[in-house]
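Engineer: Listed below are the residues making up each chain.
2 protein chains.
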Amino acid sequence: MGRISGTTRLLAVLGDPIEQVRAPALVNPLLDRLGRDAVLVPVHVRPADLGEVVGGLRRIGNLDGLLVTVPHKIEICRYADELAPAAAFTGSSNALRREPDGRWRADNFDGVGFVRGLRARGHEPEGRRISLVGAGGAGTALAAALLENGAARLSVCDTDARRLHALLARLGERWPGRATGSAVPRVEDADIAVNATPLGMRADDPLPFDPSRVPPGGVVADIVMKPAETRLLRTAAALGRAVHHGIHTLDHQLECYAAYFGLAG
Amino acid sequence: MGRISGTTRLLAVLGDPIEQVRAPALVNPLLDRLGRDAVLVPVHVRPADLGEVVGGLRRIGNLDGLLVTVPHKIEICRYADELAPAAAFTGSSNALRREPDGRWRADNFDGVGFVRGLRARGHEPEGRRISLVGAGGAGTALAAALLENGAARLSVCDTDARRLHALLARLGERWPGRATGSAVPRVEDADIAVNATPLGMRADDPLPFDPSRVPPGGVVADIVMKPAETRLLRTAAALGRAVHHGIHTLDHQLECYAAYFGLAG
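In order, the protein sequence lines correspond to chains H and B. My numbering puts the first residue of the first sequence at 1, with every later residue one more than the last. My numbering puts the first residue of the second sequence at 1001, with every later residue one more than the last.
Isolated chain H (complex conformation) (with noise of 0.2 Å):
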């Protein structure tokens, strides 16, 4: 840290909590790789405070960029000028940045990070069956990502049918006639299926979904990061299932945020 000087340019990381946040010690040694003058700092805001701590922010002249996490990824799309595709299709971002005419600009890199992971592991998404479980924020933003990257077709699977049937209505709009929905989950015909809920963080919880029904040759996928085994994967691979861990898409993501805050080496 002390290269940090007056000529530093600042990125900040904004959550509630933030203690936990692992982008700091993620990005800062990349920023220090690439010899980049910058440095991206945690920043802890409470909800009711996300107004005026963003409005501030903007307002410093050497902070290019924010990223977004837990709780605030939905609420901060209000504090933009103009939404990516993703952040406009998904309702929420989990980077801004300051573009060269000075207006803030969101995206949201939770679904390309996904595919891009994927893709790095040798499953690609393209021309293939994809069962999603979970039709949550992370489902809507996976879902939007494999059928703009060209999924044949993709089986979203959520218990609230009214969430379910509004992101299939989103869906239809946009990649007509590729997305179906169910209450309980499609996998017989899967090649890749993947779960976009949280179950499997906690020990005790119910599997997403059988991976034994997923055909023997398919991909069994998960959001989930911590812990990363979850029983959903330990149990696939034990099946002789192709497993994907959730750290990839965080790995692929920091990519993408490299990249969007023209930190890419």
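Just some of the chain B residues that point at chain H, by a computed CB distance under 8 Å:
id : residue
1  : 1018
2  : 1021
3  : 1024
4  : 1044
5  : 1049
6  : 1057
7  : 1059
Keep in mind that the hints were calculated from the coordinates and are not lab data. Ideal placement from N, C-alpha and C gives every residue a C-beta, glycine not left out.
Position chain B relative to chain H; hints supplied.
Structural biologist: Leaving out everything else, chain B in the frame of chain H:
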């Protein structure tokens, strides 16, 4: 900077421009040596944005304090909940912190930094006759700190009669009978003669006072930091007077800041 994480506490230094500000490069190595999980970041704020930026920064849960430099030291006082005596007397502040009750308190360490620097170099102001040239912001801070720390008699000089007499009136209220004023420097009987004007920053500036008129055995002090050796100090040294450099004030201000923010070793 690899050690910044979600638990890191924040301090910020506000200025316009910000690139030349030395506090981050000076304070962050100190934080590292002390093993503190805290970082001081530069924050570029234009005058028109000061209220909004400070309003946002104050609400950041892990931001504990602000350093303030040109041109915000006067205006910042409007955004504090309370003023320490040095900030109230000078009407300017270079350090604000969040108190345990959540209120933001503004203080000013220009004067005390100067006095501590003098003492550290063996020039005790208590009981001495001191001549101060310049009744602006720096002169006001030094005058109050010198009287507070026991100067027997203070002679203040400024070419701006209104500014001079306004300062003398306020000094007289708080420390009756110890401060006098003049339009031209009176250094003939000074134990310590201090330049508190910007004269000396440029090579062709006139001398703020004639150091040959300071009694042999007297001290000639300068608040100008750049250049380190002003013409005043070079001339005084050539005449055999003891000299006291501007940098000592900064060094001891840093100690004051560290103590104020609870960072002292």
